[in-house]
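Trainee: Here are the chains, one letter per residue:
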Amino acid sequence: MEHTVQITRYDAADQRLIPFFANGLTAGFPSPGADYMELAINLNDTLIKNPSSTFIGRIKGHSMKDIGIFDNSLAIIDKSLKVQDGNIVVAFVDDGFTLKQIKIERNKILLMAFNPDFEPIIIDESNEGIIWGRVTYIINQAL
Amino acid sequence: MIFGLVDCISYYCSVVQVFKPELKGKPVVVLSNNDGAIVSLTKEAKKIDGVKRGVPIFTIKDIVKQNKINVFSSNYSLFEDISLRVFHTLGCFTPEIERYSIDEAFLQFKGYEYYDIVEYAKHIVAVTIKNTGIPVSMGLAHTKTLSKVANKLSKSDPDCQGVKSLLSKDEIAVGLKDFPIEDVWGIGGRYAALLHGMGIRTASQFLKLNPEWIKKNMNITGLRMWHELQGKSCIPLEQIPPGKKGMCTSRSFGKLMTACEPISEAIANYGAVCARKLRAQHSCCKTMKVFIQTHPFRMDLPQYNASKLIVFDVPTNNTFEIVSKAQEAFSEIFKKGYHYKKAGIMVMDIIPENQVQANFFDIVDREKQSKVMNALDLINGRFGHDVVRLGSQGYGRDWKLKSDNLPPNYTTQMNDLIQIII
Numbered sequence: 001m002e003h004t005v006q007i008t009r010y011d012a013a014d015q016r017l018i019p020f021f022a023n024g025l026t027a028g029f030p031s032p033g034a035d036y037m038e039l040a041i042n043l044n045d046t047l048i049k050n051p052s053s054t055f056i057g058r059i060k061g062h063s064m065k066d067i068g069i070f071d072n073s074l075a076i077i078d079k080s081l082k083v084q085d086g087n088i089v090v091a092f093v094d095d096g097f098t099l100k101q102i103k104i105e106r107n108k109i110l111l112m113a114f115n116p117d118f119e120p121i122i123i124d125e126s127n128e129g130i131i132w133g134r135v136t137y138i139i140n141q142a143l
Numbered sequence: 144m145i146f147g148l149v150d151c152i153s154y155y156c157s158v159v160q161v162f163k164p165e166l167k168g169k170p171v172v173v174l175s176n177n178d179g180a181i182v183s184l185t186k187e188a189k190k191i192d193g194v195k196r197g198v199p200i201f202t203i204k205d206i207v208k209q210n211k212i213n214v215f216s217s218n219y220s221l222f223e224d225i226s227l228r229v230f231h232t233l234g235c236f237t238p239e240i241e242r243y244s245i246d247e248a249f250l251q252f253k254g255y256e257y258y259d260i261v262e263y264a265k266h267i268v269a270v271t272i273k274n275t276g277i278p279v280s281m282g283l284a285h286t287k288t289l290s291k292v293a294n295k296l297s298k299s300d301p302d303c304q305g306v307k308s309l310l311s312k313d314e315i316a317v318g319l320k321d322f323p324i325e326d327v328w329g330i331g332g333r334y335a336a337l338l339h340g341m342g343i344r345t346a347s348q349f350l351k352l353n354p355e356w357i358k359k360n361m362n363i364t365g366l367r368m369w370h371e372l373q374g375k376s377c378i379p380l381e382q383i384p385p386g387k388k389g390m391c392t393s394r395s396f397g398k399l400m401t402a403c404e405p406i407s408e409a410i411a412n413y414g415a416v417c418a419r420k421l422r423a424q425h426s427c428c429k430t431m432k433v434f435i436q437t438h439p440f441r442m443d444l445p446q447y448n449a450s451k452l453i454v455f456d457v458p459t460n461n462t463f464e465i466v467s468k469a470q471e472a473f474s475e476i477f478k479k480g481y482h483y484k485k486a487g488i489m490v491m492d493i494i495p496e497n498q499v500q501a502n503f504f505d506i507v508d509r510e511k512q513s514k515v516m517n518a519l520d521l522i523n524g525r526f527g528h529d530v531v532r533l534g535s536q537g538y539g540r541d542w543k544l545k546s547d548n549l550p551p552n553y554t555t556q557m558n559d560l561i562q563i564i565i
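These protein sequence lines are chains A and B, in that order. For what it's worth, the working numbering labels the leading residue of the first sequence as 1, then goes sequentially. For what it's worth, the working numbering labels the leading residue of the second sequence as 144, then goes sequentially.
Honestly, I wouldn't trust all of these hints.
Claimed, not checked - Just so you have them, the derived chain A footprint on chain B, three or more residues with Cβ under 8 Å:
(1) 220 to 231
(2) 271 to 280
(3) 547 to 561
Hints in this document: simulated from the structure, not taken from any laboratory. Here the structure is a predicted model, which is why all the values come from computation and not from measurement. Every residue gets a Cβ at the ideal spot worked out from N, C-alpha and C, and that includes glycine.
This is chain A alone, in the form it adopts within the complex (with noise of 0.2 Å):
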């Protein structure tokens, strides 16, 4: 049997949110809610499920209106998982990216708008379409 002692390096970089008690351990009659301390809420944990594989991209336009992406929101983008039919995705299209809803048929990829004033796109070699990654969160501003 090997027996091997394996150092690893601390990484500060990797924050955790650890409960603080704020009014410190005194001798005096404790808080009671003390006990039922939780780890803080952490925004990146929930959004971001896999960091080394998701990108942010600020989004410029008005075609997506009618299910609440907005100019100025922030994509989520998880290069990592699978791309299905139905889902939100970012492509490149055309010397740029957009980002649309897939809709995929036997023989044709689309990209559908949520605004009357939009129509699909398809992407094929004419356009040299890509699926660059799916979206897993739209932030929007409140106004």
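With chain A fixed as given, assemble chain B onto it according to the hints.
Mentor: For chain B alone, coordinates are given in the frame of chain A:
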């Protein structure tokens, strides 16, 4: 035990292509600091005559224009961020991994005897490409040296799906037969010349040499290489990067400098970089060297090189302290009448922050200073390098690096995110 050497293909160019997919399949090159020479190029660029790694870009201006080569400056914040993503993705597949350089990693597979390791490697390669957008290839072998050879071979084999194995005796024999000895990992120019002089051109010819001779003429490193090339592992995985004993921040100026102030400003900036790097790795330096140089190839100009060593009373990583001492030292060595090309700062005798020996006569409130530095790092981490800076760092119009076509900080700055037009 099996090693896998993963290498990112045309790494810097590939990073640019992730965010500019329109450049896929096009000739792209990325330049070194100061837009000097080509450091990375795509296979389409390699095909063009005169375009090679190491070529100064100004010597091939016409070729660049004629062939519509896309030229980019180096953005190391971006390259480092994507490199860490590749590295973390690889780390999901085996716990034992050594980051060998910004675009290379050794993986070690222990206890994978019941896996079809070649298939598994192909899976790793495919997932890494999908998740990060960076094309990678892997060489598999029982030693690190052979895995490097295998990786090189994978690049000239379009059918191998990015994975080449030199695991069996037969594969090794075929792989090394025509493999140039100078391309073997660890063969420097000197040994290559020695071996070429004896008529040894390939790795398999090298293996026929007598190990006694190798040990005598190429010492233990050569002997290790000889063993490694036959599949006997001598170089283990290094998972903990050795702590840095010294760090140097120096740059060539965009143009020759004669005045004192702009160089002093550059020195202030190098000092700030050193201090920031020291804090990032939680260490302090005991000594520091400041140096300036004229242009060594400008024989028509008078030459002057000088340096000064500073020893700190208490080891430090404080920007104020490092910058002010560095500028003091610079003003002592600076002489008028010369055209300066380069300046730099080297910090040495680096020790962990928590092992600093205090000085009885110290008058600096170190606790307070360290809080100031923390705040500085937090602010600059959030809003960008040197948003908060010392006045002496200036805004570097004269001495600054040339970087004409810098790829944006797509992954680290909110203002540089990819734009999605909908």
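Trainee: Where does the structure disagree with the numbered hints, that is, which hint numbers, in rising order?
Mentor: As far as the earlier hints go, not one is violated by this structure.
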